[in-house]
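Visitor: Now for the letters of each chain:
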Amino acid sequence: VIITALRLEDFGIFYGTQAVTLEPGLYLVHGRNGRGKTTLLNAVRWALYGHYMDRQGRLVPGEVILNRQARREGRDQFSVELSLREGSDEYLLRRRQFISAAGAADSQVYMERNRQPLPALDRERAIQLLLSERISQFFLFDGEQLQRYEALLLHENTESHLMRQSVEQILGLPVLDNALRDLGAIGTEFNKRLARQARQLQQLEQLGARAEQAQADLDSKLADIGQLHDQERKQEGIIRERDQFLQKYENSFDQLKKLETLDEKVADLQEQEKALATLLADELREAWRDVLAVAVEPKTEELREKLERKQRALATQLTREQMEKSLSSRRCALCGQALDLDHERRIMDELARLGSAGGEAKRDGDDLTQLPLLASIVRTGHAEAAIRLDRQMADLNSQEVTHKQEAARLREALQNLPEGEVSRAQKERDLAHQQLGRLRSALEHAAREQAELEERLRRAREEIRRAGAHSGPQAELTRAIELTEDLIRVIEIAKGRFREELRTSVETSATDAFKQLTNEPEFDGLRINDNYGLEIIDSRGDIVTGRSAGQEQVVALSLIAALNRNARSGAPVIMDTPFGRLDPEHRSNILRFLRHFADQVFLLVHGGEVSDADLHIIAADIQAEFELHRDDADRTAIIPRSRI
Amino acid sequence: MEDRRPDPLGALLDAADECGISLPDGLLAEILQMEAASSDQEAARLMVQAQLRSLIETIARSSS
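Residue numbers (the numbering used here), protein chains in the order written: chain P, 1 to 644; chain U, 1 to 64.
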């Protein structure tokens, strides 16, 4: 499939009629941010599928899509017209939406094949066959969202399951699935008919009744299972939607947790400060002694020395008095013995020595009365303890202020967090997970019952077939049933084999593309898993873990190239902002590889994404270049680049 | 790159051989063609089923 023409009327930022005619080849559409590159991609999607989703996956209403300038000028409709070619068939698809004054939207779709209008049923079928919405993510995509293909690396995940289905649809596996489903339905119908016919025959009546009952039970069980699957899809949808919503606030959750931790730390610090304040108050009650002791100690020492001096003087005076008394009485004042001349001379010498050493004690004892009081004022260590505690408190207080400032910054950052909506989405997601678990358990149970019923039915049919094998219409029906069952067996076996061949072929093509896209000599290739997820293998044959965003993008592009190569029918590839995470070398590799991606490739690039050197690389492959030229905020036009 | 897409018809013919099931010539190719032109829509499915049923009945009748 290729796009041969695109015509927009008042679609989004594109004012008036913007029309381009196209051929197979490579197209570059240049536009700075906000010039409408993504709108152009969405215009193609809207024409095909009738809805316009923004980057967050939200539906954009018609009154927002209508160009604002056109609306001011009184116009009330916008449209997109796509001309497509598939083989020798030419298609025209036109979708138009009218916006009433009240904002209500009414859309019209017209499609023709080879100039013949298609009725609604054929129209939807034709779009599905040309490029069904399920697989469009591999053809019409935003380069910055390529990392979602990482989901294919997971084995048990709703997203990976849906992606695998999309991949298999591109590769054409549903042809065999649909054949199995159709043949199963036909076989069931044949058997019902056989059972009905059998019942008409007396000898087969009982068998027929049994088969019909088994069939009715099975139909009922299948209807139950169908309902369970519907509910399962609904819950999966809820989970996916809530996950997408909550993903936007992941960073806020981290901040919220950090804020809670900070609040706890602040409360803890305040408790510690309170305890320290009590200890400090206790210490301060005694700390005055330490302060006073510093001032009092010299005075106390001085008084002590005076006291000692005074005590020594008193002792000397007492001795002298006793000696004088002994001399005057010529008898020892202590023992009463009479003194001889030698004793008297020695006493007089001693008196002479004492007279020069001491003298009478001075009468200055009035300040010594303060000594007991001053001596009681000594250092206790309470002041030092108080200083230590005060420093600890200052340290805690500093930490508290820092935490409070950080908490205030986080609170400000979180003030726009819609806590109510987030909390509701979390609860709804959790509830949906619970319900999904219950549904899957019910489905497992129902699958076991289905298997039992099918076995019952198979036995009943077998008996009918044996009984009616040689009678007229029963024989014919029996042959039809046998042929149907043979076909089912063959297709079931072929399906497994075909799926394996496809996986191998996708792996080979993806590796081939990867080797041309990557600039890492250590990488040996890619290995595919059951989900079509691709692992990078290094030269030692080991899986490369911790892939960078750029490597992820290269792997995703390799997968897309491989899928296009193995697709049942090709389709144009439109890449919006394709080089977002890539370095210049990878960008050059991809540009060189572009012509292998598909017959028709559109690159929607902004100014910084491709350089003149890049353009030189692909000059020979470029079919045409366009510029998204802005006249004013509401008027962008698509202009061939050479006219700028 | 060499263009070698896996072929569903080849896989079907190999599977028939493996099972020892003999099918009328061209039947598997015709079924594939019918299914390839179909889509997931209910009405389209019913139309293909009607074509397929008619084909099988014709073969069953002709072999009696």
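No wet-lab data here; the hints were simulated from the structure.
Check each hint, because a few of them may be wrong.
Claimed, not checked - If we take Cβ atoms under 10 Å as the criterion, some of the chain U residues that face chain P in the derived model are: (1) Leu9; (2) Glu18; (3) Pro24; (4) Asp25; (5) Gly26; (6) Leu27; (7) Gln41; (8) Leu52; (9) Arg53; (10) Glu57.
Here a beta-carbon is modelled for each residue, glycine too, at the ideal position from N, C-alpha and C.
Visitor: Now tell me, hint by hint, if it's right for this structure.
Guide: Verification of the supplied hints:
For Leu9/U, the interface hint holds, the least distance from its beta-carbon to any beta-carbon of chain P being 9 Å, beneath 10 Å. Given the 10 Å rule on beta carbons, the hint for Glu18/U holds: about 6 Å separates it from the nearest Cβ of chain P. Checking Pro24/U against chain P: minimum C-beta separation of about 9 Å stays under 10 Å; hint holds. Against a cut-off of 10 Å between C-beta atoms, the interface hint on Asp25/U is violated, since the closest Cβ of chain P lies about 14 Å away.
This hint is violated: Gly26/U has a C-beta 13 Å from the nearest C-beta of chain P, more than the 10 Å allowed. Interface restraint check for Leu27/U: the shortest CB-CB distance to chain P comes to about 8 Å, inside 10 Å, so the restraint holds. With its C-beta approaching chain P no nearer than about 6 Å, Gln41/U sits inside the 10 Å limit, and its interface hint holds. Annotation: interface hint on Leu52/U holds; nearest CB of chain P at approximately 5 Å, less than 10 Å.
Residue-level restraint check for Arg53/U holds (minimum Cβ-Cβ distance to chain P is 5 Å; threshold 10 Å). The interface hint given for Glu57/U holds, since its Cβ lies 6 Å from the closest Cβ of chain P, which is under the 10 Å cut-off.
When held up to the earlier numbered hints, the structure conflicts with 4 and 5 and fits the remainder.
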